[in-house]
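Asks: One-letter residues, chain by chain:
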Amino acid sequence: MATNPAAIAAEEVPAADRPPSGTLLAGRWRRLWTEMKRSRISYLLLAPFLILFTVFTIVPIVTSVALSFTYYNIVESPSFVGLSNYRLLFVDDDIFLKAIGVTFTFAMVTGPAGYLMSFLLAWLISQIPQRFRFFYTLCFYTPSITSAVAMSVVWLYFFAGDRKGLLNHFLIKLGVLNEPYLFLQNVDSIVPVIIFVSLWMSMGIGFLAFLAGLQNVPEQLYEAGRIDGIRFRWQELWYITLPSVKPQLLFGAVMQVVFSLQVFDVSTQLVGLPSPLYAGHTILSHLHDYAFIRFEMGYASAIAVVLFLIMLGLNRFIFNLLGRD
Amino acid sequence: MRTGVTGRRIDWGGLLLYLVLTVLGLFMLAPLVYMASTAVKPVSELFLFPPRFFPINPTLINYRDLFFITGTTFVPFSRYIFNSVFITSAIVLLGIVVSMMASYPLAKHQMPFKSTIFSLIVTALMFSPAVLQIPQYLIISKTGLMNTYWAMILPSLAAPVGIFLMIQFLKQLPDSLLESARIEGASEWKILWAVVLPLLKPAISTLALFSFVQAWNDPYASIMYTTMEQMKTLPFAITSISGGAGVIARVGTFAAASFLMIVPTIAVFVLTQRMVLQTMAHSGLKE
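Line by line, the protein sequences give chains A and B. Sequence positions in the first sequence follow the UniProt record's numbering and run 1 to 325. Sequence positions in the second sequence follow the UniProt record's numbering and run 1 to 287.
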């Protein structure tokens, strides 16, 4: 989105303000300083946000990276251990490798599937008249704002491993199963269950962005398309709608990547921490385990840095893929 | 507006569209309806076999239990509600003020480092705040904020999603109003409150929705930043009522508490949805 040149504070510095002599570099610094002084009101307005953002986002990133090269258990002060945390993580820690596997299996399914579902449902909703849209929006969006903790009362019962579990009850009635299946304890079903519940919750902020973007595609574009010989809805979708909502698609993708890699709540609520045979152990579970159960902050920081880099890397990749005009 | 159902002939495509949307929509709502119905089931129906979706004799006994039986324990349930309401409102209100003040110069002023700050915010969208938990915990404990409400409020105030949406929304508003206010000699501070604030209403509602949902549902702040039972919040209380994964002793009370927890988030969405969709239209990201 292009910024309109704001009217305040004319950009060029009047000749009288220019430093009379000195090197070019010093002059540039002084000009920057003058400009900054002129913008002091802007900085003043920014200050509360910048301070909080620095203290709780930027400083933590730097601290995490620094701590990941140390051994730190909170009681003693950190001692430098070089790369050994990372070596331990990728060479010796089988459970971490397992957690990476679980997280990626999960993300590979929930990421694309949740993304496509969000877009498709938003598109379908945008096809119906305005007055009916709200009901459907509410149906699909509400699950994403429920808390995983609160929903566990339903899911624990739905997937319960005895005949009283709703799913088991139906499957036995239908003759698919002969005896109850332990969905929440069986290593093979844990990841699918977490995927199912997460997909149910995945129509979130991206879904709203799509919905809003789709409602605002200019009508003239569709008219022009009809004149140019577009006959079917899918042609309209592909040639007109998708290009018009590309910025929203990118925003939704970024949100979806973060959502699918931070899986933890649902897993902890449904199968516990640690889960049976670590079958539902994600990178964030591993981080939580080391940070707040074992208090090995150095090692846990290394896990945090790895997850941070995965998220950032994947999002940069998506940015390059979708962000080009 | 374009419509799916047009003309007088039966539009089979349109009907199919409604059918698909309705079936899927009801499917999505089913778990929530089930929760609401469990919350009004008497004990005799909770463990019926075969299981029933709707109660035969609905009762409010689970809600009574929630407030009275849990009221005899060390911390009454109403205390958890108070903590959640207090912390969440503080995060929403202070977050709105902080983000609004910052989004105005970032969208409408020219100043050094503006684009750097903006790209830092966009970068912050790309990872989950969960990876920052350890250093945030260390910062809170080293600054002596442990066991204060501030510890649960401050880290959530500078959320990147909210301010990003606000900046994007503000950027597309015309400058003419701001300029005429400037010509009349209004100070930037005054412009912010008298001109920008009313225009920003949709973006403010959006930020309110997202920060409300985030703060209301977050169990970690009260688990990590306080050791005192009387400062814990609702998600924590619900985990302790349920007794952890696998325990089903108090399903009715558990469902009642869970339902109480979900209702406010839905209410906030219903109240803000129109404004939110206006704002999200400008949520686009570009390189």
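Where hints are given, some of them may not hold.
Sample of chain B residues lacking proximity to chain A, with all beta carbon distances greater than 10 Å (derived) [unchecked claim]:
1. Trp12
2. Leu17
3. Met28
4. Ser44
5. Val75
6. Met126
7. Leu132
8. Gln133
9. Tyr149
10. Gly185
11. Glu188
12. Leu192
13. Lys201
14. Val270
15. Lys286
Heads up, simulated DMTMM-like pairs for lysine to aspartate or glutamate below, C-alpha to C-alpha not over 20 Å straight-line [what the hints assert, rightly or not]:
16. Lys114/B / Asp93/A
17. Lys246/A / Glu219/A
18. Lys142/B / Asp188/A
Hints were generated in silico from the structure; no laboratory data involved. Every residue, glycine too, gets a C-beta built ideally from N, C-alpha and C.
Asks: Hints first: check each against the structure and report whether it holds.
Replies: Results of checking the hints against the structure:
With a least CB separation of 13 Å from chain A, Trp12/B remains clear of the 10 Å interface cut-off, as annotated. With a least beta-carbon separation of about 6 Å from chain A, Leu17/B fails to lie farther than 10 Å from that chain, contradicting its non-interface assignment. Once the 10 Å rule is applied to beta carbons, Met28/B is inconsistent with being away from chain A; the minimum gap is 5 Å. Taking the minimum C-beta to C-beta distance to chain A, about 15 Å, the non-interface status of Ser44/B holds against the 10 Å cut.
With a closest Cβ-Cβ approach of about 18 Å to chain A, Val75/B is found to remain outside the 10 Å limit, as its non-interface label requires. A cut-off of 10 Å between C-beta atoms contradicts the statement that Met126/B is not in contact with chain A; the least separation is 4 Å. Its closest Cβ contact with chain A, about 4 Å, brings Leu132/B to no more than 10 Å, contrary to its assignment away from the interface. A beta-carbon of chain A is positioned within 10 Å of the beta-carbon of Gln133/B; the least distance is around 7 Å.
No Cβ of chain A comes within 10 Å of the Cβ of Tyr149/B; the nearest lies about 16 Å off, and the non-interface call holds. With a cut of 10 Å on Cβ distances, Gly185/B stays outside the contact zone with chain A, its closest approach being about 13 Å. Glu188/B, annotated as away from the interface, has a beta carbon of chain A within 10 Å; the closest lies near 5 Å. Taking the minimum C-beta to C-beta distance to chain A, about 7 Å, the non-interface status of Leu192/B is violated against the 10 Å cut.
Look at Lys201/B: its CB is around 16 Å from the nearest CB on chain A, clear of 10 Å, so calling it non-interface holds up. Separation of Val270/B from chain A is inadequate, the least Cβ-Cβ distance of about 7 Å not exceeding the 10 Å criterion. Distance check for Lys286/B against chain A: the nearest CB is about 5 Å away, which does not clear 10 Å, and the non-interface claim fails. For the suggested pair Lys114/B and Asp93/A, the alpha carbons sit about 43 Å apart, so the restraint of at most 20 Å is broken.
Proximity of Lys246/A to Glu219/A is assessed by CA-CA distance (about 17 Å); at most 20 Å being required, the pair is judged to hold. Under the criterion of a C-alpha separation no larger than 20 Å, the hint pairing Lys142/B with Asp188/A is inconsistent with the structure, at around 43 Å.
The structure fails hints 2, 3, 6, 7, 8, 11, 12, 14, 15, 16, 18 (numbered hints given earlier, in ascending order).
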